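Peer 1: If you want the building blocks of each chain, they are given just below.
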Amino acid sequence: MDFAGAYSWPNLSFILQGFGVTLLVAALSIVFSFVLGTILGAIRYARIPILYRLLAVIIDLIRNLPLLLIIYFIYIVLPLVGIKLPLLWAAISALTIFEGAMISEIVRGGLNSVDRGQIEAARSSGLSYMQTMRLIILPLALRRMVPPIVSQFISLLKDTSLCVIILLPEMMHNIQILQGHSPKYVIPSLILAAVLYFAVNYTLSIIARRLEAKTI
Amino acid sequence: MKKRSYASLLLILLAACLALAGCGGKKNAEGGTLAAIKERGKVIAGVKYDTKLFGLKDPATGKVEGFDIDIAKALAKKILGDENKVELKEVTSKTRIPLLQNGDIDLIIATMTITEDRKKQVDFSDVYFEAGQSLLVKKGSAIKGVGDLKKGTKVLAVKGSTSTKNIREKAPDATVLEFENYQDAFTALKAGQGDALTTDNAILLGMQKQDPNYELVGGNFTDEPYGIAIKKGDAEFVKAVNDLLKEMKESGEYDKLYEQWMGVKPE
Amino acid sequence: MTGKFDIHILFDHWDRFLEGFLHTIASSALALVGSFILGTIIAVMRIAPLKPLNWIGTAYVEFIRNIPLLLVVFVFFLGLPTLGVPLDGFTSGTLGLMVYTASFIAEAIRAGIQSVPSGQSEAARATGLSYMQTMLHIILPQAIKIVLPSISNQFINLVKNSSILAVVSGFDLMYYADLINADTFLPLTVYTIVALFYLILTLPLSMAVHYMERRFRAADR
Numbered sequence: 001m002d003f004a005g006a007y008s009w010p011n012l013s014f015i016l017q018g019f020g021v022t023l024l025v026a027a028l029s030i031v032f033s034f035v036l037g038t039i040l041g042a043i044r045y046a047r048i049p050i051l052y053r054l055l056a057v058i059i060d061l062i063r064n065l066p067l068l069l070i071i072y073f074i075y076i077v078l079p080l081v082g083i084k085l086p087l088l089w090a091a092i093s094a095l096t097i098f099e100g101a102m103i104s105e106i107v108r109g110g111l112n113s114v115d116r117g118q119i120e121a122a123r124s125s126g127l128s129y130m131q132t133m134r135l136i137i138l139p140l141a142l143r144r145m146v147p148p149i150v151s152q153f154i155s156l157l158k159d160t161s162l163c164v165i166i167l168l169p170e171m172m173h174n175i176q177i178l179q180g181h182s183p184k185y186v187i188p189s190l191i192l193a194a195v196l197y198f199a200v201n202y203t204l205s206i207i208a209r210r211l212e213a214k215t216i
Numbered sequence: 001m002k003k004r005s006y007a008s009l010l011l012i013l014l015a016a017c018l019a020l021a022g023c024g025g026k027k028n029a030e031g032g033t034l035a036a037i038k039e040r041g042k043v044i045a046g047v048k049y050d051t052k053l054f055g056l057k058d059p060a061t062g063k064v065e066g067f068d069i070d071i072a073k074a075l076a077k078k079i080l081g082d083e084n085k086v087e088l089k090e091v092t093s094k095t096r097i098p099l100l101q102n103g104d105i106d107l108i109i110a111t112m113t114i115t116e117d118r119k120k121q122v123d124f125s126d127v128y129f130e131a132g133q134s135l136l137v138k139k140g141s142a143i144k145g146v147g148d149l150k151k152g153t154k155v156l157a158v159k160g161s162t163s164t165k166n167i168r169e170k171a172p173d174a175t176v177l178e179f180e181n182y183q184d185a186f187t188a189l190k191a192g193q194g195d196a197l198t199t200d201n202a203i204l205l206g207m208q209k210q211d212p213n214y215e216l217v218g219g220n221f222t223d224e225p226y227g228i229a230i231k232k233g234d235a236e237f238v239k240a241v242n243d244l245l246k247e248m249k250e251s252g253e254y255d256k257l258y259e260q261w262m263g264v265k266p267e
Numbered sequence: 001m002t003g004k005f006d007i008h009i010l011f012d013h014w015d016r017f018l019e020g021f022l023h024t025i026a027s028s029a030l031a032l033v034g035s036f037i038l039g040t041i042i043a044v045m046r047i048a049p050l051k052p053l054n055w056i057g058t059a060y061v062e063f064i065r066n067i068p069l070l071l072v073v074f075v076f077f078l079g080l081p082t083l084g085v086p087l088d089g090f091t092s093g094t095l096g097l098m099v100y101t102a103s104f105i106a107e108a109i110r111a112g113i114q115s116v117p118s119g120q121s122e123a124a125r126a127t128g129l130s131y132m133q134t135m136l137h138i139i140l141p142q143a144i145k146i147v148l149p150s151i152s153n154q155f156i157n158l159v160k161n162s163s164i165l166a167v168v169s170g171f172d173l174m175y176y177a178d179l180i181n182a183d184t185f186l187p188l189t190v191y192t193i194v195a196l197f198y199l200i201l202t203l204p205l206s207m208a209v210h211y212m213e214r215r216f217r218a219a220d221r
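So the sequence lines, in the order shown, correspond to chains D, U and A.
Going by this note's numbering, 38 is the number at position 38 of the first sequence; the sequence numbering is gapless.
Going by this note's numbering, 101 is the number at position 101 of the second sequence; the sequence numbering is gapless.
Going by this note's numbering, 98 is the number at position 98 of the third sequence; the sequence numbering is gapless.
In short, the hints are calculated from the structure, not lab data.
Restraint ranges, calculated between C-beta atoms of paired labels, are given here: (1) Arg168/U with Arg143/D: 55 to 63 Å; (2) Ile200/A with Thr203/D: 36 to 44 Å; (3) Gly81/U with Ala26/A: 55 to 63 Å; (4) Val33/A with Gly263/U: 48 to 56 Å; (5) Pro49/D with Met207/A: 20 to 28 Å; (6) Pro52/A with Gly145/U: 50 to 58 Å; (7) Asn54/A with Gly145/U: 57 to 65 Å; (8) Pro86/D with Glu130/U: 33 to 41 Å; (9) Asn213/U with Ser13/D: 23 to 31 Å; (10) His210/A with Arg143/D: 19 to 27 Å; (11) Gly119/A with Ala213/D: 22 to 30 Å.
Just so you know, these numbers come straight off a predicted model, no measurement behind them.
Note that the Cβ used here is the ideal one computed from N, Cα and C, for glycine as well.
Extracted from the complex, chain D is given alone in its bound form (with noise of 0.2 Å):
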């Protein structure tokens, strides 16, 4: 084990470069999968006639297949169909649609949980459907799901590191690379691997935690 060698600074920085693009996939995938999740599962609890029907169809096709299927799919096969993306937006999208769909079905889970009551008393006191969702609904169901949510956003995070397989040059991918030149290096680069991972996920399910006692 070579800790000194793993650690040196040109081997330091190519490991904190991957990590930035482990954190730049990241925070991407979290944005858009949280809005295409919360699009779609406000279409299906507000089962917009044929749409829903499709779009669960399709949500539990994604959310009961393996991201690393999903990924090497969108990134290698779909091009072969016409549909090509370079390799950040491929393991961009990749995240997106799978966390998409898993918080789809929180979303959805989240407005199911509003009291009826709620609903009933917004609509008699002369509120439309669509500022009933604003302003009571989704505000309700928002703070109910933001433990899961913030579960689902660690778990977008640990997921960048599938991505290794269409090569993408994030974390994992560099360690392997280090790992490559010599054996000493190994164990190491997988504890600062796991440090850094850890060190970004606990802080934000402490975050989760404290935005969680802030609620109702």
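Since the structure of chain D is already known, use the hints to place chains U and A on it.
Peer 2: Relative to the frame of chain D, chains U and A by itself:
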């Protein structure tokens, strides 16, 4: 409600399969790769990042260096006048053909053996390197050649390489374990996950240089002629590449490059 | 040409698809049993009246569930051998899955244990049962019934996560997908077939979970 979702799911899948069965692959008819390169102003070459001597990324400097990279640079110099007008994209044996077919890269210069099967997928330039498949083992190993790979021996290889098919033919009793790329396979070998690693001797030579605890044994048991792969149907670009190779051989540049990386003169 | 869909591959390479399918099932099932046992132990450790055990249990859960599965598997596949314990791809992958999933199951079981009404444990202790006896015969059985849906969810996750075996030469579905693709040059077909194989496993499990969740919600009335 759930039963109906399941049934409609299966119907959609069935319909999708039938629809796809009718689809062929899409071919983008452009002005050819040469035109695209000139318009873009750079050559995009798919190369290895994990293979010492041919294409290896150095984490310290961030540069990718090797024999294949130098040929890519020579091509950029020939077409665009500047050897730096080349963009390198990382490929592995597994991903290189799809990436070429998608148009992500203009050509593959990545220790790729010319085979009849692959000729159906891509077009190849003339041979630019003669390699042969061999074995890499830890110094002092009992394995001296392909004949020593008996039942229970674990041989490591890389997904998508010609080595996997060949080793299964030459050593049918051995267990073959396949990895994503060469550095994964070598790391696995060093971790004791296998008794030998098999691929082209030139690649193994690079590994031996990286870690002298490992050595090549048994000589070559196949011929592996390397070619530069180009998208099928682009004869103009194939000719350009072949012209480059001919020029490099005639001017002596090829021999110089060969000796620089391999340490010996080409035969 | 490679965007073609050629169902004949399924029959030409049936033995490899099948072997991959069986390895995927085996790995998921073994990891499920292992992570259930390990997860239960950790959950009990977290709420046991012994501070050091609490600390170990909490550290395990907080650390493992915040790092990627790939990393855990690499520790088994690349890290352990350098310390003298070589484990093959399938074993490292399965152990990695087990250690990783155990952290989630531990949390689920802990939540389950803590939702068993405290009256139960008080009554049990009052009748003279020891802590361990109370745990084993009274609390855990009830807790497990409560957490069955979320554990089944973890089983679905395990089946999906087992695809990690492809990266360490674990002979699962994704691994064989890569190999068959290398031989046939038909990625659309190969990976679609593999997707269907996964769905054959995960969809029924998913339906079972829905069913369980609805039954338990009804039973709670």
